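Undergrad: The residues making up each chain are set out below.
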Amino acid sequence: MLLLTPVLILLGAAALISLLGLFRPRFTSHWLIAITSALAAWVVVWLLVLKLPLEFGLLEDISYRLALPALSFRGDEITWPLALAVSTVLLSVLFTDAARAVEASWLIWAGDLGFAAIGITAVLARNPATMMLAWLLVDLIEMSILLRQLEEERIRRRAVVFFATNLLGIVAVFGAMIAAGGAGVGLNLDQIPQQSVIYLILAVGLRMGVFPLQVAFLRDVHHQRSQGTLLRLIPPAVSLSLLAHSATTPLADGWRQMFIFFAVLAAVYGAIAWARAKNELRGRLFWIFGLAGMSFAAAVQGQQGAVLAWGLAILYPGSLLFLASVRTRGMLPLGILSLFALSAVPFSPTYAGLRLYYPFDMLLLLLPLAHVLLLGGYVRFMLRQTEPLSGVEPWVRVSYAIGLGILPVTFIASSFLGPKVPAAGPIPIWPLLLSFVGIATGVVGYWRRWKIPSKIFEYLDKVFSLRWMLTGLRWLDEFMGRFAALVTRLLEGDGGVLWTLVILVIFASLLGQLVSAGG
Amino acid sequence: MIVSNFFDQNAIIAVILLGIAGGLMFLVNSWRWRVAGLALMYLGVFWLVAISWPLGLAAIKMVVGWMAGAILGVSGVNLLPPTRRRWPTEWIFLALAFLLVIVAVSRLAPVITDWFPGCHPAQAWGGLLLIGTGLIHLGVASRGLRTILSILTILAGFEILYAVVETSTLVAGLLAVVTLGLALTGAYLLGNIYETENAG
Amino acid sequence: MSAPLIWIGLPAFIGGILFLTRGYRLTTGIFGGILSALLAVSAWLLPIDEVVPLGSRAFEIGDRFSILGRDFLLLNTDRAWLLLIYLFLTMWIIGSLFARPHSGFVSFGFVFTALLVAALAVEPFLYAALLIEIAVLLAVPFLLPPGSQPGRGIYRFLAFQTLGMPFILLAGWFLAGLEASPGDSALVLRAGGLIGFGLAFLLAVVPFHSWIPTLIEECEPYLVSFILFMLPAFVAVFGLGFLDRFVWLRESEGVYAGLRIVGMLMILVGGAWVAVERHLGRMLGYAAIIEIGAGLMAVGIGSSEGVLLFFWMLFVRIFSAMPWAASVSWLQEESGIGLELPNLVGFGHRYPIAAGILVSGGFSLAGLPLLAGFGAKFAFWQAISSDSPVLSLAALAGNTGLVIASLRALNTLFISFPVQQGDDQGVHNGAFYWLMVGLFGFLLFVIGLFPQVYITFIERLLFVFERLGA
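Protein chains in written order, with my numbering: chain Y, 1 to 519; chain Z, 520 to 719; chain G, 720 to 1189.
None of these hints come from the bench; they were simulated from the model. Take these hints with a grain of salt, some might be off.
[What the hints assert, rightly or not] Take a look, some chain Z residues computed to stay more than 10 Å from chain G by CB distance:
no.: 1; residue: Ser549
no.: 2; residue: Leu613
no.: 3; residue: Gly692
no.: 4; residue: Gly710
[As the list claims (entries may be wrong)] Just so you have them, the derived chain Z footprint on chain G, three or more residues with Cβ under 8 Å:
no.: 5; stretch: 779-792
no.: 6; stretch: 897-903
no.: 7; stretch: 1154-1168
Nothing here was measured: the structure is a model prediction, and the numbers come from that model. For glycine and all other residues, C-beta sits at the position ideal for the given N, C-alpha and C.
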């Protein structure tokens, strides 16, 4: 039960804030309750590291004749860093909300606490049932918040399509269960059979928007800072746990190449779009794609530690930039610290991420380029200065600075103090050298004012935004609809019974063959 | 006994009767002729069932069948506009389909006599002929009197075959209830068509 | 007093009485619900064929009722099934207060259920086919009230259900022959084939399924859904009776393989069609086809676990299918226009709760987490996978059609805004509406979370089958 203490703290606080908001309209200290509970949860998550591994199960009965869905959680070297990241992002959101008081309300804070609580629950999930339950809760909350906020029909539709791909991710987990059953074992996240891993990686790919690339669905959906950051970053975080677990099981070679191709595609396209984005909020989606692609590639390469390193990079440095609505020269050190965490140089938390390049694969040569572009975009947005905080009390400035500072500090500290993830193979250095070459080229290009024709980017956008895929899907839907209507007219029309008899004869002969073949 | 022998020896007449009845119901447009065909069909059914059943019990089939015809006849079917068949294409198609049924029956009848020990060849012919005609009829009719007649035809064909193996009074009673129920349901549906078309 | 009188005769009588009071819709509904619940509770509490002391006296409920030389037999082990059936009827009656089908629904529900219970209780059990046929004939006037134009669906329903009966009756004769000469493989094949065809007609197995979507489009969705729920449930239990009684059927791997393939085919066909369907009522019909297919696949596992899964899926289906059907009917009545999706654009803003239940019902039947159907489908996918992973994956693909259909409904009902401005203000309803909504919502969400709580009750249903459930 100790494992779920942070979740209970957050849910309790969310309930309290909601009750106070509904029944005590004059009460004004909602933020204080929210920040206290988030801080308490964060401290508890930190303390859990002393007790790892921790397990907690509810209604588990593995001896029963049928597989009953039960709740099961585990805190270990994979799930703990993710839980810490979610609780840190929440804390950071709430701290920085002090400076955005006009945008926030008790409803938003209660929502943030509840959403983060479910996010932590999802990352701690140990079995498929718990994971799917938590995933769907996260998805439902995300979609209902989006549908309340979005008014333009075109964008609302995209939110539904995104929800649909998330649901397909859940269906893929059912597929993984079936594949595991075919191999004679039950699906357990501790030991994933090889037959299931394809479905699980597919599930994560669908949920993270990497496979297939779902730029068209998600673009323009969300541009808010505080809650928007939580809404955008927690869903990938909850999928990361499964991705890291899947990394322990090797993929068949054909699948491996295909998944690496999609991962590299997502990473490169995401990184280019991120580097060219108008601002960090418009680029947030591409930031996630870029780093999720790298994390995804690490999973396909079977490197758990690298999955986590790049996955956590989505959350920590990303949140810092997305939450920093005020960027002054005084805050630059925080940005530099974050940049260090993202740089993959030795002693940085992403240094372990370089293991994704082991074993070597030609396609991976493009990933250092993606890394450089992500860093470049980060520097670009970090250096954009805004008006300083004015007209606020001094504690707000302190709160704001703490909120931002806690992100890189926690990222770096947890990489040293947290449990070590078992690693396979050496850390290759060549990607780092390649990145330096890339950075040097970028600096020279910037200095010599090299220009890449924007038409190239427009063309790339056309291809990678996959609008053509949407058109294709629509066409397929119409074709299927017409075909179904034709068959329906035949079967339900005047000569329907005769057609039924004809189909019966066809089925009977097919069935006879199938049954004799052993079903 | 003498009567039973008569039915047995002249069973071919019943098969011819059933063929005429099936053809009438299948090919003719007039509802009167179709209901007359139904009555004729149940006469044939009675004849063939009487080979295996006591005469009194077999007569139930005929009485119930005629009652079904009467129910359908007074259901309002006479008030509905007649359906027209296209000459000659539709007629030729239906006649060929009917012929196909006869050919199929000639192949299947020996199998059925093999399946049901004690089954008179005429019973197999009669039963299969009705089932085949009913199925084809059902295949080309999607609603109205034709559908009800086709269901009754299939059921009558089955009753001939089932009579060979089952002589239970309760089953006979329940099958009679089903036949009457079908006729009543059909009459109800036909009445509804009349009501709605009149209201419209 | 005998059990058949209590659970067959009494409901039929109640149905008759309630037909006379059908004009008072609410009163009839409430009384019907209470009486049905009492029948369920009595099935739970009253043992059959055992002496029950009541103060200084004692009474005994006999298990047999004879009429015209034939017996109706309800054993003590059937009580769990009776409880479930009358619980289902109670739920459907409660749902009818919300769905508002035509006034005869409650009385029809009682008589229809009584006839189906009689079908399972009659000895020899092959007479069941005749009683099922009579129930079907009775259903026609209720599906199509006077003054409604009959379409193709009702005729085809009548035709296919009637065609099933002769096969079952003939199979009975062959089965009797098999008891005399058990090793006759030709007889086995004939009997098996006839049973298969008979059940295929009665269960609307593909390709005999075309009446389902047509009928639901032509008649009131709630009424058709009730029949689509009750009839296949009873026919399937009737079919399980064959497996239980005849060892050559029970031990034939071909039978189970056939069931798995046919079940998969139904899920696949239903799923493919529901995914592109644009009529909310027809979607319900295809969902019923998928569910029948899932039931067949579960039985196709070929063990008591499969039968347990069949009953479990049946039990949770009530919490998904009934609210879904009720909200579709409610939406049809409130909107006053057809159930074609293009007519219902933005209706979710006007009737958020009904539309929400509708979408959730679909997701629940598909077995998505958080909802009633999750636990059973979770166990289902796991259980069927070991026998035939390829068929299971094909079935999963079909099941995904249901998810797509629900997303399509969600997209139409909630994403766009109504064409007429000001329509999205929401319709305010009375306390009764909210009571219904609360009940549906509670059951739809809570049942799925902790199946451990009620699974022991489902296990009791296995006692209905002496050998199959062991």
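Undergrad: If you look at each residue in the stretch 779-792 of chain G, do at least three have a Cβ nearer than 8 Å to any Cβ of chain Z?
TA: holds (count 3)
Undergrad: Measuring Cβ to Cβ, find out whether Z:Gly692 lies farther than 10 Å from everything in chain G.
TA: Since the minimum Cβ distance to chain G is about 8 Å, Z:Gly692 lies within 10 Å and the statement is violated.
Undergrad: Check, residue by residue, whether the stretch 897-903 of chain G contains three or more positions whose beta-carbon lies closer than 8 Å to a beta-carbon of chain Z, and give the verdict.
TA: violated (count 0)
Undergrad: Is it the case that Z:Ser549 keeps its Cβ farther than 10 Å from each residue Cβ in chain G?
TA: holds, 21 Å
Undergrad: Grab the minimum beta-carbon distance between Z:Gly710 and chain G and tell me whether it stays above 10 Å.
TA: violated, 8 Å
Undergrad: Would you check chain Z against the stretch 1154-1168 of chain G, counting CB to CB pairs closer than 8 Å, and say if three or more residues qualify?
TA: It is violated: at least three residues are needed, and the stretch 1154-1168 of chain G offers just 0 whose Cβ sits closer than 8 Å to chain Z.
Undergrad: Are all beta-carbon distances from Z:Leu613 to chain G longer than 10 Å?
TA: Per Cβ check, Z:Leu613 is outside 10 Å of chain G; nearest 19 Å; holds.
When the structure is compared with the earlier hints, violations turn up for hints 3, 4, 6 and 7 and for no others.
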